[in-house]
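K.L.:
Chain by chain, the residues run as shown.
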Amino acid sequence: MSEPVEVTPRESSVLRISLRTAAIMLAFTLVFTALMAGTYKATEPLVAASLLAEKLRLIGEVLPPGEYDNDLMADAITLPPQRSLGLDDETRIWRARKQGAPAALVFEAAAPDGYSGRIGLIVAVATDGKLIAVRVIAHKETPGLGDYIDPKKDKNKTRPWITQFSNLGFDSVPPKKWRVKKDGGRFDQMSGATISARAVTNASSRALAWAVKHRDALFALPANGRFEENKP
Amino acid sequence: MNNSPYSLKPASVQSVMLRVLFALLPGLAAYVWLFGAGILVQIVLASVTALAAEAVMLKLRGKPLMMFLGDGSALVTAWLIALTFPSIAPWWLTVLGTLLAIVVAKHLYGGLGQNPFNPAMVAFALMIVAYPLLMSQWPRVGATDFAVQWEAIFGSRQVLDAVTMATPLDALRTVLRDPEQRAMIGGILGGKATFGNIGGRGWEWIAAGYFLGGLYLLQQRIITWHMPVAFLATLFAVSGAFALYEPERFAGPGFQLFTGGAMLAAFFIVTDPVSGATTPRGKLIFAAGAAVLTWIIRTFGAYPDGIAFAVLLMNIAAPLIDMYTQPPVFGHKDKRGDSP
Amino acid sequence: MTSYLFVVLGAVLVNNVVFVRILGLCPFMGVSKKLETAIGMGAATTFVLTMACGASYVIDRWLLIPNQLEYLRTLSFIVTIAAIVQLTELVIQKTSPLLHQVLGIYLPLITTNCAVLGIPLLNVSLRHNFLESLLFGFGSAVGFTLALVLFAGIRERLEAADVPIHFRGTAIAMITAGLMSLAFMGFAGLDKYK
Amino acid sequence: MFEAILVMALGAIVLGAALGYAAVRFRVEGDPLVEKIDAILPQTQCGQCGFPGCKPYAQAIAKGEADINCCPPGGDEGIHKLADLLGREFKSLSAEHGIEKPKSVAVIDEQACIGCTLCIQACPVDAIVGAAKQMHTVVGAQCTGCELCIAPCPVDCIRMVPIQETVDTWKWKYPVVPIRQAA
Amino acid sequence: MSAYKDIAWNGLWKQNTILAQVLGLCPLLATSTSLVNAVSLGLATIVVMMLSNFAISALRALIPYEIRIPVFILIIAALVTVVDLAFNAFLHDLYLVLGIFIPLIVTNCIVLARVEAFAAKNGLRAATLDGLMMGIGFVWVIALLGAVRELIGQGTLFSGIEMIFPTLSGFQILPVEYPGFLIAMLPPGAFFVLGLLIAGRNWMDARANERIREQRIHHQGDQATDHANSAPA
Amino acid sequence: MIPKLFTFKGGVKPASHKDESADTPIRVAPLPSRLIIPLRQSARAVARCVVEPGQAVLKGEVIAAAEGPMCTAVHAPTSGTVLAIEPQPVPHPSGLPAPSIIIEPDGKDRWIDLTPFDYRAATAQQTRDYLRDCGIVGLGGAGFPSHVKLGPGEKGIDTLIINGAECEPWITCDDRLMRERAEMVLAGAAIMRHITGARRILVGIEDNKPLAVESMKAAVEKLGERAIDVIAVPTRYPAGGEKQLIRVLTGIEIPYGKLSTHFGVQCFNVGSAHAVFRAVAHGEPLVSRILTLSGNMAKPGNFEVLIGTPIRELLPLAEPRADTDRYLMGGPMMGVALQSLDIPVVKGTNCILAGSPTLFPPPPPEMPCIRCGECAKVCPAELQPFQLYWFSRAKIFGKTQEYSLFDCIECGCCSYVCPSRIPLVDYFRFAKGEIWAREKEKAAADIARQRYELRLAREEREKEEKAAKLAAKTAAGREKAAATLAIAERPAATPEDEAKKSLIAAALERAKAQKEQAHPGNVSNLTPEQEAEVAAIEVRRTEIREMAKPHLRQDD
Ligand SMILES: Cc1cc2nc3c(=O)[nH]c(=O)nc-3n(C[C@H](O)[C@H](O)[C@H](O)COP(=O)(O)O)c2cc1C
Ligand SMILES: Cc1cc2nc3c(=O)[nH]c(=O)nc-3n(C[C@H](O)[C@H](O)[C@H](O)COP(=O)(O)O)c2cc1C
Ligand SMILES: Cc1cc2nc3c(=O)[nH]c(=O)nc-3n(C[C@H](O)[C@H](O)[C@H](O)COP(=O)(O)O)c2cc1C
Ligand SMILES: Cc1cc2nc3c(=O)[nH]c(=O)nc-3n(C[C@H](O)[C@H](O)[C@H](O)CO)c2cc1C
Ligand code: SF4
Ligand code: SF4
Ligand code: SF4
Ligand code: SF4
Ligand code: FES
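Residue numbers (the numbering used here), protein chains in the order written: chain D, 194 to 425; chain E, 777 to 1116; chain V, 6 to 199; chain W, 732 to 914; chain R, 953 to 1185; chain Z, -9 to 546.
Derived by calculation from the structure, the hints in this document are not laboratory data.
Incorrect hints may have been included.
Each pair of labels, with its calculated beta carbon distance range [claimed, not checked]: (1) E/836 to D/257: 33 to 39 angstroms; (2) Z/427 to W/826: 51 to 57 angstroms; (3) D/350 to E/1005: 52 to 58 angstroms; (4) Z/3 to W/868: 57 to 63 angstroms.
Below, a list of computed lysine to aspartate or glutamate pairs in the EDC-like style, where the Cα atoms sit at most 16 angstroms apart [claimed, not checked]: (5) W/902 to Z/429; (6) D/323 to D/422; (7) V/38 to W/820; (8) Z/389 to Z/436; (9) D/234 to V/75.
Remember, it's a predicted structure, so these values are computed and weren't measured experimentally.
Where a beta carbon is used, it is the ideal one built from N, C-alpha and C, also for glycine.
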């Protein structure tokens, strides 16, 4: 096959060759598509499992598995885009229950005003109005400067910056004080990178407020339901 | 034995470079007066590093050492690095930046005269990308305590908070980033905090010093008028137009021209003959392009001062600019200067 | 409207294919020794990439997603691209021999330019709509062309520079590309500005 | 699975037919590249490149069978031009094939020549004149300096003589630069 | 045997895809931000190269000349998809990190180039070996690049290894106070380090060439004396 | 009428040093002990020698005749005997020898019979031929044959420019000539105007020579001429360059590759005009010229010197100082350093400058170009010398041509100002030379390719013919007995071949013997490198023999 085939381009042979190449092409395609399809079928469950594990790991960051006993994946509802949470896309809210009683909400939020754009967060809010934990799941803050909001990058390993919000609610920190110190609030910021801290702090405050406000409506929805703002 | 011409005008690279250093002195004096002597430490650091790096590279490349070390170009690069870095930057930052400038940006391309990128600006861009925090901690006006600066450069950086202050450009950027704080913008642009009210918080006096030095360079015919005029005029025009359009959002020309490295750039950086455009029209395009990019990056970009990136971006375009702005040759004025 | 402008500008400058997304480097390194070839390659790529983005959007939305065949994306995209390249060649050979002479030799090279596959795949992961896909493809290709042409300009000059012997050729070209990409980092943040 | 195969099969048939058609219809004839390469080669026809003449070497380069740095008479200059033409990286003259030498012409020692015509047959450019049993002479202007006539001569009467410089052929030298060439 | 040696030598050094042919740069530069990423992508590439070289060498008699490129691409794309799916299933974290660069192995010029230049003309064993060696040639370069960038960039090695072996973790090589040099991890750093690697290769080649030249001169000297001895006879 | 003056871009103002030699009148140099007259009068043509050694010649007698359109005749500068015709060093940057006629003067300086030429009665062509036979070439430096320049051109000539600018420092020969012989110069110009049919004459003189301007103006008055304007042009090197002077006086820019006649202008040096006058009015061929001796000399001045006078014999006239380390022919900007003092004065020699380390210090070592653009500012051709340099240095000649290398007039302004002390002009001369050489090589290669292909075709044809013959012979042979088959198989082994073989064998013997005598030991005393090379050639020879086999005829 390494040698070009000698052909004289007569019309009939053109047709014949076209057909022949089409047939060969077809044969190859069939074989290799089958190969792919087979692999796909074989790996499908594994891929699904990986995806699930990924989700659970993320949720586990903000809500320790001991805090609930229901199947979070099953007990989820759909959240249409929420401006107040900074979300432009549809997301899911997971409802944690302990012994049947509502325990916490886990949902995504976003700070649109990071130094380099959106900072994606995942937040867990307990039914008693406390923010259990918040974690950054996606950001583009300047490496080495604004990226301390992600505990993996935070130099302070023992008490990463983002853990200072854990287990606080508006009862202990009133909304006016839920700000970085530079803005007169009570949360620390890293000097030189206040913008990132401010963005996360404000976004977590908004998320907490939103969760507190809609807590009951959210738990009231059926599993796999859809949250609509204006419905009671 | 050489060939004709046998008589030559007395001129040398060294004298050109020394005059450039001399022209930097007024700006430097203002710097020391307003921000303390830390900058002198940086200049020494950068100069020593530059000369050492230059010497090592020359040796490795088998070039005559004294002839090139004495040409002064490494010193110009070193001084410009020191002047564009924060004067309280830790010592290793200056040293690393200078080293990279001389080794990578200059000698890997063949040394003096061959580098397509401005070495000083390469150093600045590399360092601000790698160490944005360290590169944006500037001393406070009047905080001239040399001991503190020395400590900041060579010792711990704990002392810093008291003596640093966001530069006007940085402050502007912070405010612009945060919608809630837009209201403060007037205060920054007014810039009444210290000396003049041109908006520089002290930086304007240094800029004036550079302006003076630039005039000297023009008078000495080391630079031509094209670059500074095109750069300053374009920056003036663009920022002026936008400031008229929406003054509460865009800083005006006074602010843009007298903050950051604008004046230094206009006379000392865009004019770098080696990495810039060389034809008369090319020089105008080069400098105007650098000004527009500077304004864009300052106004919309992630980095507070856009000069280094603007200059590097124009460096990239310089060969093409030169290629397309060849002046017509004697006798070929009707068509482009191509030979028959 | 401005958001479309941002897509194009973002693709050309801020997220330049070559310098930020690191795609299409082989032709960037290989076809940048002379200005004319750089321009030819850029033009050919621009055409093919824009077409490829449109076509792959259609295939993805109408064929793959409805049938849950996302795993065939790579295959169907690349085959589509190969077909587009071939078709383009046929069409310009018939309609414009001049254009064929200019672009002809670059077309076959495009199939192995990973930007041509990478950009359609990015379109999918960035969830662009049809128009955005087209513009993103076009912008990326313009960004590629820009990078290529500027690089060729510098390389023509570097050709004559007294570069240390072991750095001549590809090594210094890499360093230059690095410095160019450093310069393009100056555009960071432009696409975030609102 | 079934859709997958169907979708791909459809594509394959269309593509295969189109390509088969195109391949036959638009076959490119001839190879202008060889001519372009040949135009760069110095036409010394000396065979040092390992091919019997410049044209065969040009063909080999065009086919990708030979490297571009095998022609000593062309020197670095020629390699640069080839690299430019083919968009390849320059590499210095391969030592296996010889080294660049000053341009020379063959001179026949007329006392020793026995008129055997062997050199005439060896000369690729017919630069030697003379008939059987008569003394032969090299026409200097036509000699390419390929040295092919030296080997066949049974009495070793042919020498290569470097071409002398005259006021007419003198060129300005490369200015002697005190800066040493890059290490 | 020496043919196989040649194949190996070509893949590892002489025709090294990156250092000599300057192909396959995008995955190389984009994924070499850390040693683990680099090696992972490199291994994926080896697998694809071996399999595609094998498959095409095996099927070469069946592929008509006119449609060889589409068929090659088809085969490569299918194999890449298989590898992609495998990553997704077994190394999901890594799959997320490497992003579009696994599918992009399809357009990795090296794969197509080797298939076309070698597999399509050679037997099964040679072709597979060529794929392996070319792949290894790619891996060692990308691994070196990844290691250097990671080390300079953040002073560690093997960070992210937990994505593959959850029980392991990376090493902090340089002192913790090392401020890191972010550039190394960013695109400019990728170009710089690769530029230095290529310069290093040029340097080693130049040294080798010099040695050959010296040997040759020696050798020729020997031959000359031989010649002188045999001349009178 | 004072015409409006234009300017040219660029140019430099080196110290003029005219005073040293400008104020002493022209003196006639004494007869030298021998004269060396190169047959090559300009870069373009070599005259055909018509004398033989030992022949006696008179002053003004033709010793070499014009051959070809670009050639002029050469005359004996004085009466005497032809000593030899042999290569001698000539004024050329190479210092290489070129064929020259050597004449020993008899001291009598006897002219041939001189008859003035009535140009008014002759046609223009006849006058031009006359000037050619008088050996008139441009005395401004390039030595271009004046009769060619006086030709009609495409559109005729409107303006004749007489170049009295003398822009090079130190040189004052034209200045003196204009001061002392203004009328002759103008009369010569008028003759040229007559030949060309020009409407007006413009005389351009740099304004640092006010006395020359005065004198020329006075001469115009005296002759009552209307259409001659004497114009003082600003002093700036190279205002005397033909293109620059034309630009200054008329505003016309003559591009490279176009002749000035294309624009209706022609330019002559004042010395050329003077020579034309002498040839026409007195019938004197060009055998002497005025030149300046200056520089590091105690008594600089201007002298009327016979063509062919060795420089060595001139120098005592001006008494060079002790620290003189070199002599230049021409000015400091464009002159050529003399490699030997035996080099003779030629028609284009306008100055001999003595140099000393203080006067013309050796340039400091070259630094890399910093692209400061100084050179571009001063280049009168409006080039970008640093770009040309960038590519010339790297030997990328194609690019140098793109940047108009050939528009460079080699004036040296760029080298003069360069702060990096780069000998820019040297790079440009080098690049031009290489490009010309390459063009020649290319032409040679094309011929070689043609000849090679012809030969291949011929061999192919012969092979076919032979095959046909062979086929015929075999067919015939088959019918014959099996015994003769062997012959049929090797039809090439004809008796002729046998004879040839024995001849070769005999000759081999002879040659071997001869060789041993003729070249005893040209293979001994070889250095190891040489031996290695011999061995390498030997190896290659065998290889090539193998390779060439299919290409050689198989019959022996
Ligand atoms: C290149 C660069 C990147 C920066 N990145 C961030 C960042 O990611 N997050 C942040 O909060 N500030 C960042 N900053 C700093 C801001 O510009 C601003 O200086 C800082 O937020 C002011 O905060 P301070 O009041 O704490 O000094 C960056 C600055 C520079 C120059
Ligand atoms: C190849 C060539 C042909 C020329 N032919 C003519 C010609 O036909 N007529 C003419 O008037 N001058 C002719 N010239 C003369 C030039 O225009 C010019 O006057 C001459 O080169 C002397 O100028 P220079 O001393 O500045 O070098 C010719 C020059 C060259 C190089
Ligand atoms: C840079 C330069 C300077 C020149 N300067 C003079 C000059 O000062 N006087 C002069 O007569 N010719 C000068 N020439 C020569 C003229 O260009 C031109 O050849 C000459 O005037 C033609 O006259 P001719 O043919 O009679 O020699 C100069 C040429 C060049 C290139
Ligand atoms: C007017 C002028 C401006 C210069 N500007 C710079 C500069 O911005 N950056 C720099 O590294 N060197 C500068 N230099 C020095 C020198 O040109 C530079 O080191 C070269 O780029 C080294 O090859 C300048 C020199 C002159 C004469
Ligand atoms: S080596 Fe000789 S035969 Fe081969 S290309 Fe060069 S000149 Fe021609
Ligand atoms: S004469 Fe000899 S050296 Fe010259 S071309 Fe012929 S064979 Fe070659
Ligand atoms: S004057 Fe010299 S240093 Fe300046 S640009 Fe010209 S060549 Fe370069
Ligand atoms: S020598 Fe040539 S390049 Fe230099 S100034 Fe004169 S004309 Fe211009
Ligand atoms: S890998 Fe070759 S173009 Fe991206």
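K.L.:
Regarding the pair residue 38 of chain V and residue 820 of chain W, is the alpha-carbon distance no greater than 16 angstroms?
P.N.:
At roughly 9 angstroms apart (the allowed maximum being 16 angstroms), residue 820 of chain W and residue 38 of chain V satisfy the hint.
K.L.:
Please test the hint of 52 to 58 angstroms on the beta carbon pair from residue 350 of chain D and residue 1005 of chain E.
P.N.:
For residue 1005 of chain E against residue 350 of chain D, whose Cβ atoms are near 55 angstroms apart, the range 52 to 58 angstroms holds.
K.L.:
Do the beta carbons of residue 836 of chain E and residue 257 of chain D sit within 33 to 39 angstroms of each other?
P.N.:
Violated - the Cβ-Cβ distance for residue 836 of chain E and residue 257 of chain D, about 59 angstroms, lies outside 33 to 39 angstroms.
K.L.:
Between residue 902 of chain W and residue 429 of chain Z, is the straight-line Cα distance small enough, at 16 angstroms or below?
P.N.:
holds, 13 angstroms
K.L.:
Quickly compare the C-alpha distance for residue 389 of chain Z and residue 436 of chain Z to 16 angstroms and report which way the hint goes.
P.N.:
Outside the cut-off at roughly 23 angstroms; violated.
K.L.:
A range of 57 to 63 angstroms was offered for this pair. Does it hold for the Cβ distance of residue 3 of chain Z and residue 868 of chain W?
P.N.:
With Cβ atoms ~59 angstroms apart, the hint holds.
K.L.:
For residue 234 of chain D and residue 75 of chain V, compute the direct alpha-carbon distance and say whether it is at most 16 angstroms.
P.N.:
Holds. Residue 234 of chain D to residue 75 of chain V sits at ~13 angstroms (cutoff 16 angstroms).
K.L.:
Go ahead and decide if the range 51 to 57 angstroms is satisfied by the Cβ distance of residue 427 of chain Z to residue 826 of chain W.
P.N.:
Violated - the Cβ-Cβ distance for residue 427 of chain Z and residue 826 of chain W, about 26 angstroms, lies outside 51 to 57 angstroms.
K.L.:
Between residue 323 of chain D and residue 422 of chain D, does the CA-CA distance stay at or below 16 angstroms?
P.N.:
With a Cα-Cα distance of about 22 angstroms, the restraint between residue 323 of chain D and residue 422 of chain D is violated, given a limit of 16 angstroms.
The structure is inconsistent with the numbered hints 1, 2, 6, 8, although it conforms to all the rest.
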